[in-house]
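Colleague: Now for the letters of each chain:
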Amino acid sequence: MSSTALRKPDWSERLEAVTSQDLKAAIRTLAGVIDAPAAVGLQTCVRCGLCADSCHYFLDDRDLRSIPAYKLNLIIRVFRSQVAGPGRAKKRAGGLDTETIRAWVDALYGRCSLCGRCTLNCAMGIHIPAVIRKGRAVLASLGMVPDGLDSTVETARTSGNNMGITREEWVETVAWLEEDLRAETGDPRIRIPMDRRGADFLYAVNPREPKFYPLTLTAAAKLLHAAGRNWTLSSKAFDVTDYAYFTGDDGTAALLAGRLRSAMDELDVRSLVLSECGHGFVSNRWEAPVWLAERSGRDVKSILEIVVEDLRAARLRLDPDRNPKTVTLHDPCQLVRLGGVIEEQREILKSAVRDFVEMTPNRKENFCCGGGGGQLSMTEFSARRKSAGRIKSEQIRRTQARIVATPCHNCLDQLAELNKHYRLGVEVRSVLELAAQALVSDSR
Amino acid sequence: MTLLRWAVVVSGLASLAALTVRLRSAWAFGRPIDSSAPKGRSAEGVGYALGRGLLPWEKESARRHWMVYGAGILYHAGIFCALALLAAETIVIPLPEFAVRVLRLGLAVGAAAGVGILVKRAVRPLSRALSRTEDYAANILVDLFLLAGWAATLTRTATAPFLGISILLFAYIPFGKIRHCLFFFSSRIFFGALFGRRGVLPPASKAC
Numbered sequence: 003m004s005s006t007a008l009r010k011p012d013w014s015e016r017l018e019a020v021t022s023q024d025l026k027a028a029i030r031t032l033a034g035v036i037d038a039p040a041a042v043g044l045q046t047c048v049r050c051g052l053c054a055d056s057c058h059y060f061l062d063d064r065d066l067r068s069i070p071a072y073k074l075n076l077i078i079r080v081f082r083s084q085v086a087g088p089g090r091a092k093k094r095a096g097g098l099d100t101e102t103i104r105a106w107v108d109a110l111y112g113r114c115s116l117c118g119r120c121t122l123n124c125a126m127g128i129h130i131p132a133v134i135r136k137g138r139a140v141l142a143s144l145g146m147v148p149d150g151l152d153s154t155v156e157t158a159r160t161s162g163n164n165m166g167i168t169r170e171e172w173v174e175t176v177a178w179l180e181e182d183l184r185a186e187t188g189d190p191r192i193r194i195p196m197d198r199r200g201a202d203f204l205y206a207v208n209p210r211e212p213k214f215y216p217l218t219l220t221a222a223a224k225l226l227h228a229a230g231r232n233w234t235l236s237s238k239a240f241d242v243t244d245y246a247y248f249t250g251d252d253g254t255a256a257l258l259a260g261r262l263r264s265a266m267d268e269l270d271v272r273s274l275v276l277s278e279c280g281h282g283f284v285s286n287r288w289e290a291p292v293w294l295a296e297r298s299g300r301d302v303k304s305i306l307e308i309v310v311e312d313l314r315a316a317r318l319r320l321d322p323d324r325n326p327k328t329v330t331l332h333d334p335c336q337l338v339r340l341g342g343v344i345e346e347q348r349e350i351l352k353s354a355v356r357d358f359v360e361m362t363p364n365r366k367e368n369f370c371c372g373g374g375g376g377q378l379s380m381t382e383f384s385a386r387r388k389s390a391g392r393i394k395s396e397q398i399r400r401t402q403a404r405i406v407a408t409p410c411h412n413c414l415d416q417l418a419e420l421n422k423h424y425r426l427g428v429e430v431r432s433v434l435e436l437a438a439q440a441l442v443s444d445s446r
Numbered sequence: 018m019t020l021l022r023w024a025v026v027v028s029g030l031a032s033l034a035a036l037t038v039r040l041r042s043a044w045a046f047g048r049p050i051d052s053s054a055p056k057g058r059s060a061e062g063v064g065y066a067l068g069r070g071l072l073p074w075e076k077e078s079a080r081r082h083w084m085v086y087g088a089g090i091l092y093h094a095g096i097f098c099a100l101a102l103l104a105a106e107t108i109v110i111p112l113p114e115f116a117v118r119v120l121r122l123g124l125a126v127g128a129a130a131g132v133g134i135l136v137k138r139a140v141r142p143l144s145r146a147l148s149r150t151e152d153y154a155a156n157i158l159v160d161l162f163l164l165a166g167w168a169a170t171l172t173r174t175a176t177a178p179f180l181g182i183s184i185l186l187f188a189y190i191p192f193g194k195i196r197h198c199l200f201f202f203s204s205r206i207f208f209g210a211l212f213g214r215r216g217v218l219p220p221a222s223k224a225c
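Top line first, the protein sequences correspond to chains A and B. When you number the first sequence by my numbering, it's gap-free, plus one each residue, and the end is 446. When you number the second sequence by my numbering, it's gap-free, plus one each residue, and the end is 225.
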């Protein structure tokens with residue numbers, strides 16, 4: 003059998019096979035995913051274009067297709083002609099066709115990181131990334147998710163985490179990390195507990211942590227041990243990420259988010275604490291209750307909120323002199339602008355580093371690094387992603403900081419790429435790493 | 018004249034009714050129940066979204082494009098002047114001379130701002146590329162409304178055309194982008210409620 007026959011067709015090849023029945027089904031999907039805020043937003047855009055300068059894609063390439071209003075209006079045209087219009091209008095030709103789908107993939111996946119900066123700058127307050135997600139859901143229903151992102155979601159769906167780490171690998175990795183941690187700290191009591199029933203909270207990590215960034219996992223363990231926290235990992239469900247958030251496929255997103263909640267129930271744990279992850283925070287904290295139609299919300303927090311609690315209660319002591327270099331902070335869009343965790347990481351850094359300098363702009367107005375929205379997994383858009391990251395790179399350069407801290411692993415990866423691409427000469431570190439480095443404990 | 022005034026009233030009420038039906042149709046798409054534990058308060062977010070959040074220094078887009086923002090404010094101020102004049106003309110309330118002068122000024126400045134926005138849309142390449150025929154049509158219709166109102170403050174012979182254009186405008190509103198006159202509030206409420214609940218708005222501290 004030829005390699006061509008074995009290879010799964012990419013999305014542009016799959017586009018050629020889309021039928022009129024598929025398109026009709028896609029319209030039904032659009033009608034099904036639209037909710038009241040989206041329906042109002044899709045009828046409120048006045049195409050003023052004030053959103054343009056808020057978008058890092060547009061600021062980089064000055065291309066019409068990168069303007070948030072343009073992306074929104076790709077969906078508006080189909081919505082108005084096929085969903086919202088009176089009966090007869092819906093029978094008008096046009097709306098969703100293969101050329102439109104191609105334009106949707108390019109704009110909704112290739113020119114958007116779902117960062118939400120446009121929303122805050124929209125005079126009408128349209129939640130543009132939420133609407134973009136609905137467009138992505140339509141594309142997902144047609145099998146038009148870019149392959150890298152699609153395979154990441156599929157890996158998470160079938161293996162339990164987006165990196166395909168087996169349960170055995172996970173348990174073994176945590177065991178040797180624990181061993182290393184005891185050797186490093188000289189503290190035989192320090193644990194990275196697994197499957198501890200009745201713990202106060204279940205901690206979920208980014209699979210990149212055990213695979214590539216074990217320092218952030220051990221950093222969390224040090225801080226939680228020093229604060230005397232009663233926590234646990236789960237051997238079955240540990241993935242904080244939910245890449246289906248990026249595809250708009252709420253059914254799969256619910257499935258993935260539901261696993262952590264099931265693990266909480268199995269271990270009789272009341273709270274869920276999330277590692278440094280932007281979209282993972284929004285997914286598990288804010289969106290999962292909707293996806294899962296939960297009757298009452300779970301207690302879900304970011305690890306940053308836990309560390310701040312411990313700092314304020316004097317359960318943790320940090321020595322900022324252990325981090326003497328100038329540090330700036332990149333605000334992950336999902337965590338900050340869309341998630342509401344804005345000051346906690348600042349409070350931690352101000353205790354953990356000697357010289358903290360803010361970027362301009364910062365907090366909810368900070369620019370996206372370009373790594374969100376599933377961009378890191380979509381190789382066909384990587385050149386554009388790096389180019390759009392120029393805006394963030396310039397922000398970093400202006401701070402003259404030596405270290406860029408950020409509480410999100412996707413941002414860490416993107417910033418590391420930008421560091422190399424634009425020769426920024428900075429170190430890219432997670433907030434937890436810096437906090438753990440500054441930790442003053444009896445065993446050190 | 019009386020027939021024309023009645024037509025204005027009927028078209029205005031019909032426009033409002035049609036807008037309300039459209040808005041309710043949009044709401045009918047429903048909102049899923051959100052049981053996530055709020056971090057902030059939706060009501061505070063809504064208050065911000067409809068109040069302080071509209072001020073020019075609260076949004077980067079307004080700060081960066083203060084002239085466009087200002088033109089928009091003047092344009093909408095002119096529209097409110099035109100609506101006030103329309104109400105007075107329709108119900109036949111004689112306005113004091115001072116009020117007429119204020120309205121006249123507001124209408125003139127508003128119309129100029131509207132024309133400026135129209136020109137910007139037509140001349141700037143990206144604005145032109147983003148725009149549709151409806152964007153120009155809506156702007157021209159409103160500009161004519163303001164200009165007719167301005168003329169009506171100068172001479173009684175312009176009153177009938179002003180009322181006539183009002184009827185056209187009311188007939189158009191529910192079907193085009195000008196429906197944002199009502200949808201705006203709903204959009205801002207959804208925006209404020211979401212970001213208020215998540216503790217993002219109102220901002221605790223000003224961004225640098």
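If you are wondering where the hints come from, they were derived from the structure by calculation, not from laboratory data. Be aware that one or more of the hints could be misleading.
In silico DSSO-like cross-links for lysine-lysine, where the CA-CA straight-line distance does not exceed 30 Å [unchecked claim]: (1) A:K238 with A:K327; (2) A:K238 with A:K422; (3) B:K137 with B:K76; (4) A:K352 with B:K76; (5) A:K26 with A:K213; (6) A:K238 with A:K352; (7) A:K10 with A:K327; (8) A:K388 with B:K76; (9) B:K194 with A:K26; (10) B:K56 with A:K352; (11) A:K10 with A:K213; (12) B:K56 with B:K194.
To spell it out: a stretch of chain A is covered by chain B in this simulated footprint if at least three of its residues, at any positions, have a beta carbon under 8 Å from a beta carbon of chain B; those stretches are [what the hints assert, rightly or not]: (13) 39-48; (14) 148-157.
To give an idea of the interface, some chain B residues facing chain A are shown, with a C-beta separation under 8 Å as derived from the structure [claimed, not checked]: (15) E61; (16) V85; (17) P220.
Given the structure is predicted, the values throughout are model-derived calculations rather than measurements. A virtual CB, placed ideally from N, CA and C, is assigned to each residue, including glycine.
Colleague: The structure should be examined with respect to each hint, and the outcome stated for every one.
Modeller: Going through the hints against the structure:
1. A:K238 with A:K327: This hinted pair is violated, its Cα atoms lying about 39 Å apart.
2. A:K238 with A:K422: violated, 36 Å
3. B:K137 with B:K76: Holds, because 21 Å separates the two Cα atoms, which is no more than 30 Å.
4. A:K352 with B:K76: Satisfied, since the Cα-Cα distance of roughly 27 Å is no more than 30 Å.
5. A:K26 with A:K213: Violated - the C-alpha atoms of K213 of chain A and K26 of chain A are around 42 Å apart, more than 30 Å.
6. A:K238 with A:K352: With Cα atoms ~36 Å apart, K238 of chain A and K352 of chain A exceed 30 Å; violated.
7. A:K10 with A:K327: violated, 48 Å
8. A:K388 with B:K76: At roughly 27 Å apart (the allowed maximum being 30 Å), K76 of chain B and K388 of chain A satisfy the hint.
9. B:K194 with A:K26: At roughly 27 Å apart (the allowed maximum being 30 Å), K26 of chain A and K194 of chain B satisfy the hint.
10. B:K56 with A:K352: Given that 30 Å is the threshold and the Cα spacing comes to 23 Å, the pair holds.
11. A:K10 with A:K213: Answer holds: K10 of chain A to K213 of chain A is near 27 Å, not above 30 Å.
12. B:K56 with B:K194: violated, 35 Å
13. 39-48: The restraint on the region 39-48 of chain A holds, since 9 of its residues have a Cβ under 8 Å from chain B and three suffice.
14. 148-157: violated (count 0)
15. E61: violated, 13 Å
16. V85: holds, 7 Å
17. P220: holds, 7 Å
When each numbered hint is compared with the structure, violations occur for hints 1, 2, 5, 6, 7, 12, 14 and 15.
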